[in-house]
Every structure is written in structure tokens, then in C-alpha cells.
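Keeping their order, the protein sequence lines are chains A and B. Numbers in my numbering are just positions in the first sequence, counted from 1, shifted up by 968. Numbers in my numbering are just positions in the second sequence, counted from 1, shifted up by 968.
It should be emphasised that the hints constitute simulated quantities derived from the structure, not laboratory data. Predicted model only: the values in this text are computed from it and were never measured.
You can't tell identical chains apart in this list, so a pair holds if it fits in one copy or across any two.
Listed next, the in silico DMTMM-like pairs over lysine to aspartate or glutamate satisfying Cα-Cα at most 20 Å (straight line):
hint, residue 1, residue 2
1, K1137, D1154
2, K1137, E1151
3, K997, E1258
4, K997, E1226
5, K989, E1262
6, K1186, D996
7, K1309, E1374
8, K989, E1258
In case you want the letters, here they are:
2 protein chains.
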Amino acid sequence: MANSIKIGLLGLGTVGSGVVKIIENHQDKLMHQVGCPVEVQKVLVKDLSKARGVDIPSEKLTTNVEDILHNPDVDVVIEVMGGIEHTRDYILTALRNKKHVVTANKDLMALYGSELLTVASESGCDLFYEASVAGGIPILRSLVEGLASDRITKMMGIVNGTTNFILTKMMNEGSAYEEVLKEAQDLGYAESDPTADVEGLDAARKMAILSTLGFSMKIDLDDVRVQGITNVTEEDLQYSKQLGYTMKLIGYAHRDGENVEVSVEPTLLANAHPLASVNDEYNAVYVYGEAVGETMFYGPGAGSLPTATAVVSDLVGVMKNMRLGVNGKSAVTPQYPKQLKEAKDVYSKYFLRIHVKDQVGAFATLTSLFSERGVSFEKIIQLPVKNSELAEIVVVTHKSSLKDYEEIVQQLRDLSIVESVKSSYRVEGVGEV
Amino acid sequence: MANSIKIGLLGLGTVGSGVVKIIENHQDKLMHQVGCPVEVQKVLVKDLSKARGVDIPSEKLTTNVEDILHNPDVDVVIEVMGGIEHTRDYILTALRNKKHVVTANKDLMALYGSELLTVASESGCDLFYEASVAGGIPILRSLVEGLASDRITKMMGIVNGTTNFILTKMMNEGSAYEEVLKEAQDLGYAESDPTADVEGLDAARKMAILSTLGFSMKIDLDDVRVQGITNVTEEDLQYSKQLGYTMKLIGYAHRDGENVEVSVEPTLLANAHPLASVNDEYNAVYVYGEAVGETMFYGPGAGSLPTATAVVSDLVGVMKNMRLGVNGKSAVTPQYPKQLKEAKDVYSKYFLRIHVKDQVGAFATLTSLFSERGVSFEKIIQLPVKNSELAEIVVVTHKSSLKDYEEIVQQLRDLSIVESVKSSYRVEGVGEV
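Could you put the whole structure together from the sequences, leaning on the hints where they help?
Okay, here's the thing in C-alpha cells:
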């Protein structure tokens, strides 16, 4: 083993500069664990002249990725530049050149994780990606090692800090979505183009990674049903509160026998659920195992140093493996072929808010649509809509199959007495009021 | 590597039978991860004829520990019998006979962990003990691996399910300690002799293990300041509520520069703290790292299957190491010499409830004791005590050193106007009311 372990860093943005800081500040601890110093050898940047928040000698910076991928001194490549196609090529080249890789790139792992892990294994290299899901929370390691003996049947995650910040603010302050989004952007919690976050895509990528590991089954991004938070209104949140629920963007992964469902959608969560009190930009993953029962892992889902902690902890794992000469042997290939539940087998409770014409028999007409399919109500609220001839009806159903529920909603839209279907969400647990 | 991995199990009680069940029920998953079957070869029991909740062929049972410790077929010894001196001898013998060991024994690890880990390392054997702290929560692995790159400065744990159950019930139902203890015993959440739990000793053992790992410093059981919950009254809990706090038995470990303090005591925790909503028999460990910030790990702290999950997950770790030929190399010896804070350097806020004679100037006399030492008040409540000439005074102080605070309390006891000091607790955070 070399006198020091040398790192090639791809990217020196928020996470990259965090990685440099942690390697500097915690050098003692790293050395104690690994037995030799760790050194950042080369850093790929876009612009050599840009000012950085960290102190890196200019000769270590490069704009040429070959200086890292083909550098015989570099032992480990840390990828924190983001992006997909280029980055995939870089990581493949690094692995084929026998360099271990640590990445924080969820987009890449959700799309090409399986391919990259195979190449890593063939090259005898480690490819670790703890930071790709839930930032500083060591959730992937907990799933793969800490709960290695258990059969995980359910995972629920608040895995996107931006949307959790927005929903928490909307819920606590009664503010409108656009207003809070603006505030989140000003605070740096949301990007100037927030689409991937608010449309649920970012969370979906993380859920694909989580469920692939937790269920030992290759789940692709396309397998995740996704609904974002852009249509959530103050009225919906008012009703949530009133009914004893908290609205969260929940990544939901459930295994029933051999069949799996994975979704990301705004969900009314009973206030007593451990995830309901995860607020602001925090993340948490709730894991249910057959033997262990309920567990939850909570922490910062993003940010420079939290994410960098996960990256450098992965680096420690790589370095320990180097010392023992066992790199490239820890990845476990999926045990099961993919089997997704059909809509008729996906069961949930639902919250539905509709506006109907306030006329005799309207409510009976509605309820018969539900009862024909055997779907009953847990809660019902009916109120007149101000300054109109309409009534607002809010129901929380008992469990229904997704298939039945979607058909009911379609039929409701077609009814002449229904003015509009305002909103519809999954419901988890029983709200106590 | 053998055709199957063979286990010698010491103990077939609650956790032992859980281990047998998980190895049976999750054989597929274990085999997929490890590449060969896992088999329970021999089980040490006290009484061969006792009925068991699990199906074990009688020829596998033995009352003679030598059948396991000196059995050439046994690869891994799982110790779930409890006890200290005998058990220590058994584990030492097993390790010297080149058998890997997984234990759930916190009493043993808190007292002899350092010795046992040294012998394991010398013998090239693994000694894993995830189940010894917080049952099903993979907290030790998270500290050692998931947060490997960070510098942990604070850990707070609800690490005893019995006392958390009791305090939750007392808090929610306004019941008295003895009454709730009785209920906990009837439900099997408390033992017939509850001393180790309610006096805080069990939690102290776990905090010694946690802080040894988290601070990389050998912390002994005697280094932990301990106060149990037996003197907590309904009145104290009423005031907690009124002031915006929840009472929990908190294991507190804090590092300030190179110096460390570790304690277990009933603590008034601000309701907004993530640990404040950990209820009933659940456990959770809150970890603060310099880089990662706030994280929390939540789950079942005890019980047959949850604890067995941690045991068998450790077993998977041992078996993966066997496959790679790297057993006995993962333990990291403490990096720092032990340096405990003195009482003058331990700072906290405190809740104090006293009864004083209701006479002119009493309150001024009291407050001067505090102000002489520079300790000021965050909150004060004074009320007459019914049917007496006494007044009840409750204060929450701002931060004070433990030394100053203890001297103040001693001087209060000596004052003629003070009838009695009713209760005194640590306070964490700011209660919002």
C-alpha cells in the first residue's frame, strides 16, 4: 500500500469543497482509521480562475479530466460534478483504469447504477454511493449491512429537502406554494429551476436506488409512479390539519409477497407517524422490516458538509478495503427478478376534494360510485363554497385499489353534477383529531 | 470455506429463539449474501426438557458449554445468555479457539469490551456487538462506518425502553411511578427486579459503549454519572409540560475539545427536540457531528426479533469477512487517551423545585445564592403549597457549571427558610409554550 492514498476529485462545487474541507480538518481521524495520510491530488474544475471557498494550490487544479482518469498516482476518484452522460463515461473510464470510485450522483446511479456496479466488480474496484440518497444519513449502509438479516417490506422516505421545506412552511404559515418556493430559492434551499425537486423526480431517483437495495430487485426510474407538489394548495393543507394529518412528499416502496410498488406523491400522513415530525429541509427514511419492525433514520438530506461526510465515509470504506486487499467484492447483485404490482393490487386510502353542484341527491349519486366498487369512507366533510351554488366535498376513503380509485375519479369527472375534482392524495395512517 | 457456516448458540431465551427463527426464515437472503447455508449446530441451554418457542432437534441442545467452545465444527459463537464473569470466560475461550463471536451483552461489553476486543484481534477473530446497544437500531455500525469521516461531538440517547415506556405513560396519563411500573411489569416491558433499568445502570452501560466508539476514547462504566427515574413525580411531569418540555431518561455524551462528559439522568427536553417524540418502549440515538450536523437513529430497543436482527446482521458481517479472509481486522482501537471533564467544566441548564417557608424576603435570599455564582433564571414559577404555610418555587436556570449548581443546591438545603429540595433535573433546549 502506498505512503498516502491519492484522490482525484471531479468537481469543486458545494459538495466538492466540503470534501476538501473534511479531508483537511479530519486528517487525524482518517489517518488513525486507515493507517496512512489521504491527499487530494488533482481536482477537475471548469474554470481555473474562479475563486473557491477552499484553499487548493493552483497546480492541483485542472480542466482536463484525463489528468485524473489516466493519472497513475490517483487511487480513488470522487465524483461530485453531477450530470449524467459525460459523468457516466468518466466513471467507466476510471473503473476500467482500476480506480475506485465514490459518487454522490443520484441521477446517474438511478439510471446506470447497475451497469456501473457490474463494471466496478469486473475491475476489482469499489463503487460506493452513500451520498446519493439522503445526504448525511448513512441509510444505504444501514439497509445493506445493519438490516442485512432482515426482510424489508416497506420503506417510506422524505428524501427531498426542498419540497419538505416548502410543505413545512406552507403547513405552518398558511402561505401559498409560489410564495414559499420564492423564499426557498432566496435561502438557497431551492434551485432557480426547481423542476426536478418540485415535480418529484429527484425523490423518485432516490426511491429507485433505495428500493433496488432494500428489496434486492432492480427497480428503474420508470417503475416509480411520480406526482409532484406543484398543485398542492393552502386549502388542501387546511383540511390535512383539520383531519389530523400532515402533508409530506413521501417516497413509498412496498413489497407484498414477491410484488413491489414504488411511488413518490404528496401524502397525508397521520400526525403520530414518525415521519410526520420531520420538518424543514431535513430528510428521513422510515424502514419496516419483518423482524426488526419500525426503524427510522433522520438527518440532513443535502448541504456541503453533510453530503461530503457521506462521501468521505465511503472513501474510508474504500481505503479500509485497500488495506485488506478486498476491493470490488462488497456489492451484492439483486436477488429477485423485478415484479411490479398492477394497479389492481396497489392498495391505499385516499383524500379527495371535489366541488359539486349543490342540488338534491348529489351526494347520494357520488357515494353510489364508491359503494359500487366496495370503497367506503372513513371521513366526510361537506361545506358550501362561498359566493357560489357549489358545495365542497372532502372524503378520506378506507383502503381501495388504485385501479378502482382511478376509475371512480374518472367517473366523477364525467358526472354532470361534479363541477371539478380539486385534489387527490394518498393517505397513510389514521389521523387523530 | 466450508459447505455451510456452523453456529454455536449460547442461550435460547428471548433473543436466542429470535436468532434461530431469523436464521430459519431468512435462509434464502442469508445464502444470497454469503454464498452458503447457515446452520445452528449446537445450543447451550440450562434445562434440556424445557419447552421452547422454536423447533430445535433435541440432539442439538446441550447443557455442556464445552460442546460448543471446543467443537471443531463451530465457526461462530453467538452469545445471548447474558451474565458477566462466566460469559467473559466463555467468550475468551471461544476467541482463543479461533471462533468468531457475536454478542448482545451490553453488561459484558461495558465492563470487558476492551479486553475482549484485544483478544479477538490477537486471535484473528471478529467480535461484533451491534445488538448490545439500542436493539434493532444499527447505531454502532453507523457511528463507526457511516460517520467514519466526521468528528462526533455530542450523542444523546433514549437507550432504555423500560424507562421510556414508564415516563411516556406517566407523562400522558398523569399516573404515578409505582402504578406504571406495575403495568410495565405486567406487559413484560419491565423485569420483576427492575433495578438495573429504573436506576439508569442499563442505560449507563450502553452510553459507555456508545461514547467509547463515538469519541474513540475508552470510557468506562464508572465514568458515567448516573441518576435513575425512581424519584420522578407526577408534579415534576406536570411542570415539564407546563414549561414546554418532555421528561426523558437521557444518556448524554459530550466532547469539548479533548474533554468528555458522559451521564444518564432524567432530563427535561424541549418538545421540539427530535428525541422528545420518541415514545413508549422505543429507543433512539441522536448524534451531532461537526460536519454532518444533526442525525437521529430510531427503532425498537429490545424484544426478541429486533435484537436478533442485529445479532444475525452481525453474523452476516462475520460470514462476509470469512469469505474474504479478513476476519479480526475491523476493530479500531481508541484514538485518544481518556480525558474527563471536571464538574467545573460541565455546563447545563437545570430545573429545580423546592419548598420554602412563605415569608418576606425568602425569594430574595434564594436568588442571591444563584446570582452570587453568576447563574441566572430562564423561567420562574412560584405558587402556594395547599394546606400549608409553604410556597413551591420552580426555576429553570440558564447555563451553570455542575460545580456551581451542586454548591447552590447544597447551600439551599442548609437555609432555614428552605423546607426541602423536591427535585432537580438537567434541562436541554428551550421549552416553547
